[in-house]
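Chain A is fixed; fit chain E onto it per the hints.
2 protein chains.
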Amino acid sequence: MEWIKDGNLDFLKKRKIEAREEAQKSVAEIIAKVKSDGDQALLDYTRQFDGIGLASILASEADKNEAVRHVPEPVLAAIKQAAKNIYAFHKKQMPKSWTEPAEQGVVLGQKVTPLDSVGVYVPGGTACYPSSVLMGAIPALVAGVKRVVLVSPPQKNGRIADGVFAAANEIGIDEIYQVGGAQAIAALAYGTESIRPVDKIVGPGNLYVMLAKKQVFGDVAIDSLAGPSEIAIVADEASDPAWIAADLLSQAEHDRLSMPILVTVSEAFGKQVEQEVMKQLKDLPRTDIASESVNRQGKIILVSGLSEAAQVINSIAPEHLELATGDPHALLPLIRHAGAIFLGKYSSEPVGDYFAGPNHIIPTNGSARYASPLGVESFIKRSSIIEYSNDALQANGQAIAAFARFEGLEGHARAVEKRMEGAVVHG
Amino acid sequence: MEWIKDGNLDFLKKRKIEAREEAQKSVAEIIAKVKSDGDQALLDYTRQFDGIGLASILASEADKNEAVRHVPEPVLAAIKQAAKNIYAFHKKQMPKSWTEPAEQGVVLGQKVTPLDSVGVYVPGGTACYPSSVLMGAIPALVAGVKRVVLVSPPQKNGRIADGVFAAANEIGIDEIYQVGGAQAIAALAYGTESIRPVDKIVGPGNLYVMLAKKQVFGDVAIDSLAGPSEIAIVADEASDPAWIAADLLSQAEHDRLSMPILVTVSEAFGKQVEQEVMKQLKDLPRTDIASESVNRQGKIILVSGLSEAAQVINSIAPEHLELATGDPHALLPLIRHAGAIFLGKYSSEPVGDYFAGPNHIIPTNGSARYASPLGVESFIKRSSIIEYSNDALQANGQAIAAFARFEGLEGHARAVEKRMEGAVVHG
Numbered sequence: 001m002e003w004i005k006d007g008n009l010d011f012l013k014k015r016k017i018e019a020r021e022e023a024q025k026s027v028a029e030i031i032a033k034v035k036s037d038g039d040q041a042l043l044d045y046t047r048q049f050d051g052i053g054l055a056s057i058l059a060s061e062a063d064k065n066e067a068v069r070h071v072p073e074p075v076l077a078a079i080k081q082a083a084k085n086i087y088a089f090h091k092k093q094m095p096k097s098w099t100e101p102a103e104q105g106v107v108l109g110q111k112v113t114p115l116d117s118v119g120v121y122v123p124g125g126t127a128c129y130p131s132s133v134l135m136g137a138i139p140a141l142v143a144g145v146k147r148v149v150l151v152s153p154p155q156k157n158g159r160i161a162d163g164v165f166a167a168a169n170e171i172g173i174d175e176i177y178q179v180g181g182a183q184a185i186a187a188l189a190y191g192t193e194s195i196r197p198v199d200k201i202v203g204p205g206n207l208y209v210m211l212a213k214k215q216v217f218g219d220v221a222i223d224s225l226a227g228p229s230e231i232a233i234v235a236d237e238a239s240d241p242a243w244i245a246a247d248l249l250s251q252a253e254h255d256r257l258s259m260p261i262l263v264t265v266s267e268a269f270g271k272q273v274e275q276e277v278m279k280q281l282k283d284l285p286r287t288d289i290a291s292e293s294v295n296r297q298g299k300i301i302l303v304s305g306l307s308e309a310a311q312v313i314n315s316i317a318p319e320h321l322e323l324a325t326g327d328p329h330a331l332l333p334l335i336r337h338a339g340a341i342f343l344g345k346y347s348s349e350p351v352g353d354y355f356a357g358p359n360h361i362i363p364t365n366g367s368a369r370y371a372s373p374l375g376v377e378s379f380i381k382r383s384s385i386i387e388y389s390n391d392a393l394q395a396n397g398q399a400i401a402a403f404a405r406f407e408g409l410e411g412h413a414r415a416v417e418k419r420m421e422g423a424v425v426h427g
Numbered sequence: 001m002e003w004i005k006d007g008n009l010d011f012l013k014k015r016k017i018e019a020r021e022e023a024q025k026s027v028a029e030i031i032a033k034v035k036s037d038g039d040q041a042l043l044d045y046t047r048q049f050d051g052i053g054l055a056s057i058l059a060s061e062a063d064k065n066e067a068v069r070h071v072p073e074p075v076l077a078a079i080k081q082a083a084k085n086i087y088a089f090h091k092k093q094m095p096k097s098w099t100e101p102a103e104q105g106v107v108l109g110q111k112v113t114p115l116d117s118v119g120v121y122v123p124g125g126t127a128c129y130p131s132s133v134l135m136g137a138i139p140a141l142v143a144g145v146k147r148v149v150l151v152s153p154p155q156k157n158g159r160i161a162d163g164v165f166a167a168a169n170e171i172g173i174d175e176i177y178q179v180g181g182a183q184a185i186a187a188l189a190y191g192t193e194s195i196r197p198v199d200k201i202v203g204p205g206n207l208y209v210m211l212a213k214k215q216v217f218g219d220v221a222i223d224s225l226a227g228p229s230e231i232a233i234v235a236d237e238a239s240d241p242a243w244i245a246a247d248l249l250s251q252a253e254h255d256r257l258s259m260p261i262l263v264t265v266s267e268a269f270g271k272q273v274e275q276e277v278m279k280q281l282k283d284l285p286r287t288d289i290a291s292e293s294v295n296r297q298g299k300i301i302l303v304s305g306l307s308e309a310a311q312v313i314n315s316i317a318p319e320h321l322e323l324a325t326g327d328p329h330a331l332l333p334l335i336r337h338a339g340a341i342f343l344g345k346y347s348s349e350p351v352g353d354y355f356a357g358p359n360h361i362i363p364t365n366g367s368a369r370y371a372s373p374l375g376v377e378s379f380i381k382r383s384s385i386i387e388y389s390n391d392a393l394q395a396n397g398q399a400i401a402a403f404a405r406f407e408g409l410e411g412h413a414r415a416v417e418k419r420m421e422g423a424v425v426h427g
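Each protein sequence line maps, in turn, to chains A and E.
When the first sequence is numbered by the numbering used here, its final residue is 427 and no position is left out of the sequence of numbers.
When the second sequence is numbered by the numbering used here, its final residue is 427 and no position is left out of the sequence of numbers.
It should be emphasised that the hints constitute simulated quantities derived from the structure, not laboratory data.
Honestly, I wouldn't trust all of these hints.
Claimed, not checked - Below, computed lysine-lysine pairings styled on DSS-like, alpha-carbon distance capped at 25 Å:
hint	chain 1	residue 1	chain 2	residue 2
1	A	K13	E	K84
2	A	K91	E	K25
3	E	K96	A	K96
4	A	K5	A	K214
5	A	K25	E	K214
6	E	K92	A	K92
7	A	K92	E	K91
8	E	K33	A	K14
9	A	K96	E	K111
10	A	K96	A	K146
11	E	K25	A	K214
12	A	K84	E	K111
13	E	K25	A	K35
14	E	K214	A	K14
15	E	K96	A	K111
16	E	K25	A	K33
17	E	K96	A	K91
18	A	K33	E	K13
19	E	K91	A	K96
20	A	K111	E	K91
21	A	K91	E	K91
22	E	K13	A	K146
23	E	K111	A	K91
Claimed, not checked - Examples of chain A residues lying across from chain E (beta carbon under 7 Å, computed):
hint	residue
24	R69
25	P74
26	V75
27	F89
28	L115
29	A238
30	A242
31	E253
32	F355
33	A356
34	S372
35	I386
36	F403
As the list claims (entries may be wrong) - Stretches of chain A that chain E covers, calculated by requiring three or more beta carbons in the stretch to come under 8 Å of a beta carbon on chain E:
hint	region
37	42-56
38	97-109
39	216-227
40	254-266
A virtual CB, placed ideally from N, CA and C, is assigned to each residue, including glycine.
For reference, chain A alone in the conformation it holds in the complex:
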């Protein structure tokens, strides 16, 4: 891990990913092909990229039932409890419609409406992410979205991962398409014979999925552009170095580009954590991935005190932040930019990744500066309500017309003035 003792955070400037023009071009081609050839393009790309000849793009009920049988009972129970917790947390996020009188004769408000349809992308390949199904879909279900669709690439056995089916089954989602990559994003955005288009696409994916989401953005809504993820941990001797090391590694094992960061006031503690990281790395099944992440991106940042620790965290704007100091509540008010904040030494990141209830689809790569975790807010929208009585229009019409006329929009002024002149007749 790289030690930073002089407060120099220049490494943050290198975080932005420059997508190669080549990748952008092939994504544009894939999107164009799906637009023109529909299902046939999905079948062709699935054969080409996943090596699977699909009989059908829609996953079958039989496949789903078969898949669920392959998931061990304790895992099904954990999925069930996690779903319950995720439901409970997200229900607290639901905003309400309101209307209120403003001045005399004026009622203003906001009407909250769920989106009609949403597509959740669940990554596939060698791994299996039932947790992503729960985290992507439950907030949409809580929001009241009627049509929630899953897409996920087929595995080597020709169907979507067992756990993905099991999680979908738990929350009652049955419109599931066995297609992944940029082609899945294009199908969700523009539709094919099998897949009706959706209004919003959410969920993380690889670089091609991310680039496809950026390209379709504007024709359809997307959640965010996921990049490599981070964990930053502020810790000191109040915590066990072995626990902190394990948490750093839980992030590192995700992805070679992940960034595990320790921020500490104690050089001695930092060294202990570093030793533990190296020790625990050895027998981690995903040691290749985790080692590359730790060696290339791992940081131990030495700070002078809590105030500097908070400054460093706010500059990083990490996806995950653990405050594993003796008094995490003293530090919390200083934190401005972090996606999910884990308080105290027992609140290990995986508690939030799987189980506690808050979402694990969190802004990455510093975008916690301006973005939020996925939530019910991601699946509703607001309409403004404006109701003026005749009296209110008479009282304010002149000001409105003067403003409009000053902007050179005479038609706007006249629309108001016609009502001022005509209100005697039509009032």
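Relative to chain A, chain E alone:
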């Protein structure tokens, strides 16, 4: 105006704007140039596109004071009252942080934090939009954003429009840059010698501004991609055809691509409105623009009743919706997709454009299906809070570890299990 009597809404499919590749390329070039040459690129492009040789990119206090003197007193008063109303409405939108106990030993919550810095784009050219200053900036100020910056292209007199300065002055914004177009977006996203980068860019602009926002999206947040705007009015004999016609024209005069739509159960009423539109068009100062909008995109859609009217509206998902029927409240519950809803015959669109308080930066081009008007929500973000006690971790650790292990993430499982083993020592 085109009459639609058979319920065929195919015209909606043609709404999407295909940006020419050429325009995308020149925007990419402008962005690259601003990244490499900074201020010099801004000065060069401002000379090239606006025909202005700027002495400074930052607008001067002297220019601002001079500009405000050119704005008539009644307009200043209207700006002041509008600002007050916009503040009052947006204050009701502010979400609150919360933490709550979940199960035993578990506290969950959400911490709401404003963004650090925001750039508001205010269109320029021949027009002048003080209302866009208020609508773009006030929600950010209400959210608590510390640094709110304006950019707007200089006018022929070499400085930003008088009204823009006046509105900025009213709400206390003094970091104002006299630069527009894609170059302004690039400067806000990546910074130059004069302009520090911001975290989010909001506000409508022309095609180049829109394409630039799409290209920088991901490195920085943006509000939405503005396209041509719509008004849809559901009206019948309860309203004066002249008023409805004036409202259609108030949208039409904005832009040749604007779409004014009347939805009505009464063919006779539709014909009266159409006649009024043609009559009022004649002496409208912006008759060229409004005529093109009315003739090319204007629609009168005949429906069988309120239920069909609502269906049509939900398919259009208009930016602005007027419900100018006898009983607009009967129709409101059926409306799912509309940016701003004006209730009753006195609630003319300009009331909302300038004055009432809700935002006038509203999703266009059908994107009200999935997006909201600009608001306080656009300028805050949420961090999740997760706090588990030792007991809570012991109670749930096994389930979490089982879930993680099933996903193939052994490091996640171990991070939890280490705490279960070690909690006696460190508890």
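The hints, checked one at a time:
| no. | hint | result |
| --- | --- | --- |
| 1 | A/K13 <-> E/K84 | 40 Å, violated |
| 2 | A/K91 <-> E/K25 | 44 Å, violated |
| 3 | E/K96 <-> A/K96 | 13 Å, holds |
| 4 | A/K5 <-> A/K214 | 37 Å, violated |
| 5 | A/K25 <-> E/K214 | 16 Å, holds |
| 6 | E/K92 <-> A/K92 | 18 Å, holds |
| 7 | A/K92 <-> E/K91 | 21 Å, holds |
| 8 | E/K33 <-> A/K14 | 20 Å, holds |
| 9 | A/K96 <-> E/K111 | 19 Å, holds |
| 10 | A/K96 <-> A/K146 | 18 Å, holds |
| 11 | E/K25 <-> A/K214 | 16 Å, holds |
| 12 | A/K84 <-> E/K111 | 22 Å, holds |
| 13 | E/K25 <-> A/K35 | 22 Å, holds |
| 14 | E/K214 <-> A/K14 | 21 Å, holds |
| 15 | E/K96 <-> A/K111 | 19 Å, holds |
| 16 | E/K25 <-> A/K33 | 22 Å, holds |
| 17 | E/K96 <-> A/K91 | 15 Å, holds |
| 18 | A/K33 <-> E/K13 | 19 Å, holds |
| 19 | E/K91 <-> A/K96 | 15 Å, holds |
| 20 | A/K111 <-> E/K91 | 16 Å, holds |
| 21 | A/K91 <-> E/K91 | 23 Å, holds |
| 22 | E/K13 <-> A/K146 | 23 Å, holds |
| 23 | E/K111 <-> A/K91 | 16 Å, holds |
| 24 | R69 | 14 Å, violated |
| 25 | P74 | 5 Å, holds |
| 26 | V75 | 4 Å, holds |
| 27 | F89 | 6 Å, holds |
| 28 | L115 | 5 Å, holds |
| 29 | A238 | 9 Å, violated |
| 30 | A242 | 6 Å, holds |
| 31 | E253 | 4 Å, holds |
| 32 | F355 | 5 Å, holds |
| 33 | A356 | 5 Å, holds |
| 34 | S372 | 4 Å, holds |
| 35 | I386 | 5 Å, holds |
| 36 | F403 | 4 Å, holds |
| 37 | 42-56 | violated (count 0) |
| 38 | 97-109 | holds (count 6) |
| 39 | 216-227 | holds (count 6) |
| 40 | 254-266 | violated (count 1) |
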